[in-house]
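Number of protein chains: 2
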Amino acid sequence: MKIIIDAMGGDNAPEEIVKGAVQAHRTLGYEIILVGREADVRRCLTAEGTESLPGIEIHNAGDVIDMNDDPTLAIRRKKDSSMVVALNLLKDGGGDAVVSAGSTGALLTGATLIVRRIKGVRRAALAPALPNLGAGALLIDCGANAECTPEQLLQFAYMGDLYARRMLKIERPRVALLNNGTEEHKGASLQQEAYQLLKQADLQFVGNVEASTVLFGDVDVIVTDGFSGNILLKSIEGTAKFLLKNIKTVLTTGLKNKIAALMVKNDIGALKKMMDPNEIGGTALLGISKPVIKAHGSSEASAIVNAVRQAAEFAESGFIQTITENIDHMRVDGAEE
Amino acid sequence: MKIIIDAMGGDNAPEEIVKGAVQAHRTLGYEIILVGREADVRRCLTAEGTESLPGIEIHNAGDVIDMNDDPTLAIRRKKDSSMVVALNLLKDGGGDAVVSAGSTGALLTGATLIVRRIKGVRRAALAPALPNLGAGALLIDCGANAECTPEQLLQFAYMGDLYARRMLKIERPRVALLNNGTEEHKGASLQQEAYQLLKQADLQFVGNVEASTVLFGDVDVIVTDGFSGNILLKSIEGTAKFLLKNIKTVLTTGLKNKIAALMVKNDIGALKKMMDPNEIGGTALLGISKPVIKAHGSSEASAIVNAVRQAAEFAESGFIQTITENIDHMRVDGAEE
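Quick mapping for you: the protein sequence lines, in order, are chains A and B.
Read in order, the letters of the first sequence correspond to residues 29 to 365 in this note's numbering.
Read in order, the letters of the second sequence correspond to residues 29 to 365 in this note's numbering.
It is worth saying that the hints were derived from the structure and are not from the lab.
Intra- or inter-copy, both count: the list cannot distinguish identical chains.
No more than 30 Å apart at the CA atoms, straight line, and that leaves these computed lysine-lysine pairs for BS3-like:
#1 K286 - K300
#2 K286 - K276
#3 K197 - K147
#4 K273 - K214
#5 K300 - K284
#6 K318 - K214
#7 K197 - K273
#8 K119 - K107
#9 K119 - K147
#10 K30 - K147
#11 K214 - K147
#12 K30 - K301
#13 K276 - K300
Can you build the whole structure from these sequences, using the hints too?
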């Protein structure tokens with residue numbers, strides 16, 4: 029297994045990315061290709077004491093795509109950027125998967141334009157797992173596609189179902205449509221039409237799910253357009269951060285509370301970890317013809333290790349092959365492109 | 029000030045509604061009209077020891093709209109329901125405001141069809157205040173309109189701005205558009221077009237806001253369509269509930285944690301209260317030509333007291349008159365209805 033890592037993508041690049049890559053190599057044993065400015069990457073490797081480790085290779089790329097770049101323009105023009113070079117390596121068979129903590133929009137555009145979608149898949153989607161005290165609830169799409177068609181939501185449902193089976197090891201995923209109420213007629217026309225498609229699909233469709241209950245373990249796959257998915261994901265992140273910040277204030281105010289804080293510190297820490305996007309690791313770009321994993325922009329080394337593990341598992345899962353073989357069942361006659 | 033209360037609406041009707049009405053009358057001094065099945069209402073009043081309290085009047089209505097009713101059909105057909113009777117009373121000048129904890133969809137439909145919108149307002153909106161450690165951040169719309177036009181979002185922004193000034197006492201509200209990123213080009217076409225209208229509006233428009241930061245006090249009015257607003261509001265509710273449930277588990281596991289729990293109990297209780305929809309009280313239906321306040325479906329007596337207080341303040345705020353006088357500035361030439 030050979031994992032291609034965009035060494036220059038993310039808030040903590042290249043230091044934490046390279047550190048994570050070295051840790052992943054040491055603990056998981058995979059071969060790693062680090063793509064980025066050679067001098068920078070080599071400096072980081074030296075800092076990790078591994079300048080010439082066999083199994084870690086540097087592939088030079090002189091440019092970097094940053095968060096201010098327009099995704100489409102950046103992919104088209106920055107041919108020598110670490111992200112574009114990494115994706116071309118994947119396309120040409122130079123490795124089994126790409127991991128990047130760089131711009132989500134650019135990675136999605138790059139994966140679509142360079143690696144390409146699975147034939148018949150209308151849109152690639154981002155599908156992170158939300159914490160739910162169980163195996164997690166897969167949210168698809170969470171931001172790749174602001175505007176979606178009912179057919180695209182149907183495809184997201186099938187991809188989410190398969191991903192939950194293969195990667196989250198859920199035997200018979202309960203697939204739900206994110207909506208503003210549980211009744212069948214709820215939502216805008218997108219949700220109303222998608223509901224009818226999902227009802228007839230070969231899935232365990234359990235109907236609409238409201239945003240208030242997604243974390244409570246009643247559903248395994250949450251299907252939605254990328255705009256609403258982004259709102260859901262980010263408000264969970266923000267609310268958790270807001271509450272934990274307030275709890276921290278409570279636990280550091282006054283001697284009595286400080287003593288109490290010492291007593292529950294480890295347990296509150298575990299909760300914080302559960303809600304931390306860094307711990308979730310990576311998010312697969314579902315629908316792309318080869319494995320591309322988006323790591324969180326704020327990834328530190330541990331998140332990169334998780335993303336590398338996830339990339340390898342995804343490559344071995346047979347997900348892409350199964351979708352490719354079954355795409356005809358995921359189409360709606362006469363649907364717009 | 030005379031407040032009309034739908035005694036039969038909500039999960040805890042009529043007991044908690046009547047109890048709240050009595051408390052509101054006693055503590056705030058307003059006259060109250062309780063609309064509902066006379067025998068039921070009278071039984072509840074007796075339980076409160078106030079069968080013949082001057083200032084509390086019963087107006088009989090034999091029918092009830094429940095959560096399973098289709099909103100439009102229910103308003104059209106259940107002419108003798110407590111909600112329809114209450115709204116007709118308001119329309120005919122029998123009171124100054126309506127408070128209902130019944131079906132949101134039915135109340136909105138009823139307010140629109142019976143009381144009617146302010147002339148020129150395209151859609152009425154629900155605008156609850158989110159907790160943000162300050163005066164609160166007004167979310168408009170949060171579920172009334174699943175599909176919106178850019179002009180409607182512009183009107184929501186103006187109404188939200190005025191409501192924040194008059195009701196939340198924020199001198200110069202910072203108005204933001206909910207989006208999946210902070211950059212100007214973000215979102216679907218709705219957000220992109222609304223952004224351009226908001227940029228030119230006579231408002232302190234501070235650009236896009238992401239769902240992850242809405243609680244942190246940087247914005248005062250969050251403008252969005254009702255579908256996304258519903259996702260945002262409910263995921264904040266759900267995440268807070270999920271986390272507080274987990275914290276409770278932490279604090280009741282093991283002797284050490286139980287002792288710690290006793291020490292921080294009051295402070296954690298205050299946090300829980302801050303995130304509790306019951307404490308927020310009511311949400312005004314902005315854009316309706318007379319004051320209609322939606323109380324949370326799970327309202328207990330204390331939430332009804334808050335909603336009654338809010339109804340009276342809203343009636344006295346001059347909000348409706350100001351919107352009526354300035355509606356010409358809130359229109360977009362050639363916009364679809």
